[in-house]
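Enquirer: For reference, the chains in residue letters:
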Amino acid sequence: MKRDNQLTVAITGMNAVPDNPGAGLAVARCLREAYGESIRIVGLGYDALDPGLHRREYCDSAHLLSYPGSGSDTLFARLSEIHDAEHIDVLIPCLDAELPLIAGLAPKLAEIGVRSYLPSTEQLARRAKDRLPDLAHAAGVACPETLAITHADFFRGCDKKGWPFPLVVKGVFYDARIAAGREEADIAFRAIAAEWGVPVLVQRRITGEECNLAGVGDGTGALLGEVMMKKRAITGRGKAWAGISIHDEVLAENARRLVAALKWKGPIEIEVMRDSQGTYQLIEINPRFPAWIYLSQGVGRNLPALLLSLALDETPPPLAPPRPGMLFIRYAQETIVPLSSFETLMVEGRSALESEKP
Amino acid sequence: MDNNQKQGQSVDLPKADVLTRLALSDSGFVFDPVTGNSFTVNGSGLAILRRLQQQGTDLAAAVAFLCEEFDVEAMAAERDVIEFANLLRNAFK
Chain A
15 MKRDNQLTVA ITGMNAVPDN PGAGLAVARC LREAYGESIR IVGLGYDALD
65 PGLHRREYCD SAHLLSYPGS GSDTLFARLS EIHDAEHIDV LIPCLDAELP
115 LIAGLAPKLA EIGVRSYLPS TEQLARRAKD RLPDLAHAAG VACPETLAIT
165 HADFFRGCDK KGWPFPLVVK GVFYDARIAA GREEADIAFR AIAAEWGVPV
215 LVQRRITGEE CNLAGVGDGT GALLGEVMMK KRAITGRGKA WAGISIHDEV
265 LAENARRLVA ALKWKGPIEI EVMRDSQGTY QLIEINPRFP AWIYLSQGVG
315 RNLPALLLSL ALDETPPPLA PPRPGMLFIR YAQETIVPLS SFETLMVEGR
365 SALESEKP
Chain B
510 MDNNQKQGQS VDLPKADVLT RLALSDSGFV FDPVTGNSFT VNGSGLAILR
560 RLQQQGTDLA AAVAFLCEEF DVEAMAAERD VIEFANLLRN AFK
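Those sequence lines, one after another, are chains A and B.
Under this note's numbering, the first residue of the first sequence is numbered 15, with each subsequent residue one higher.
Under this note's numbering, the first residue of the second sequence is numbered 510, with each subsequent residue one higher.
It should be emphasised that the hints constitute simulated quantities derived from the structure, not laboratory data.
A hint or two may mislead.
[What the hints assert, rightly or not] Only part of the chain A face toward chain B is listed, based on derived beta-carbon distances under 8 Å:
#1 Glu-223
#2 Lys-244
#3 Ile-258
#4 Ile-260
#5 His-261
#6 Asp-262
#7 Ser-290
#8 Pro-338
#9 Gly-339
Ideal Cβ placement from N, Cα and C applies to all residues, glycine included.
With the rest of the complex left out, here is chain A (with noise of 0.2 Å):
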């Protein structure tokens, strides 16, 4: 139940699966250290396996809402019904599927007093894979050579054409497959092109090492609070499980560029790979937390303590100089949920999990 004056903050991506897990659980996790019991979490899902939104340490209820796919209006319905049960200040949407629904939504959820602090939908368009190279160009950074495709025919002969095997085939909105030759090429193409349709990407393969740079952008040009990560440990998929605090001014001044280029608001996550040159290539921009934002609560500059100060017009607060050298290393853990918060979870989808709190 909220109490007077307690901030409520409605955070998704509670999908903390362990090959690919969602940021929110990360998210809610720096709040929480940053606000104590001062804050209400509302957890938002998909899925009432979701294992965030049975964490009560937490998550102080959770709801499921309806997929992105289902459309705008759908979602607002949604989101206003939970609103009129929790009385959300703010939302924090962590995943790349419904920003572009909830970015356009957030004029209408700032009506009912749901405030947020996004990119807008142009600004979304702008960095996605298919754009990202002439977004690089314009902000002066380096970037892979990509071609977008729309048959499978292209990789008859490439090498000839200038693209030589191993290649990257990515879709337009998630997936990357290395292709070392043709036939991996054909198999890559059909999947992506069945799951997300045309065009497909393909990129040459840059090989080095991968580092990603977590920051929010004030919306008129500004980087704020960057954190610098170097993977030490990737899973099948190649995510992070294990990373380390890095500081390099070449790689955040990439990062400032792009940023300014925007003119970016709110959270952003910029994937490079450092080239055998030393080169940042700039492979992607996730338009959200990353899933190991919780390192930057690990350095003294929760990003998303300091993404819900702007959210609030509030000041923001000091962040700690760069602090290179600090780990992270996840592992799997198991959350015990009863029976009857499942239940609620799937029946009614919500549950007041403080209410089962010890």
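Assemble chain B onto chain A, guided by the hints.
Expert: Chain B alone, transformed into the frame defined by chain A:
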């Protein structure tokens, strides 16, 4: 002859600013805060790295320092320094 040319071969070290930024621990653990890479070195490697950080990248001076510090012959020290310099260069490509 250039101080960084030994036994007829050129010995390149990583740039001075790269060596300077390394965090060195007494245990021999070395961390590069820019790349996030870490590795370990033995006692003589640590001594050479500290010397290079403090006194600059003059390999002849590093050899002389190693001879004095570890009581080894100049030829052996020179061979070790060259090998170590090659390892460092590969580590910071």
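Enquirer: Please go over all the hints and tell whether each is borne out by the structure.
Expert: Hint check results:
no.: 1; hint: Glu-223; result: holds (7 Å)
no.: 2; hint: Lys-244; result: holds (3 Å)
no.: 3; hint: Ile-258; result: holds (5 Å)
no.: 4; hint: Ile-260; result: holds (4 Å)
no.: 5; hint: His-261; result: holds (6 Å)
no.: 6; hint: Asp-262; result: holds (4 Å)
no.: 7; hint: Ser-290; result: holds (7 Å)
no.: 8; hint: Pro-338; result: holds (3 Å)
no.: 9; hint: Gly-339; result: holds (6 Å)
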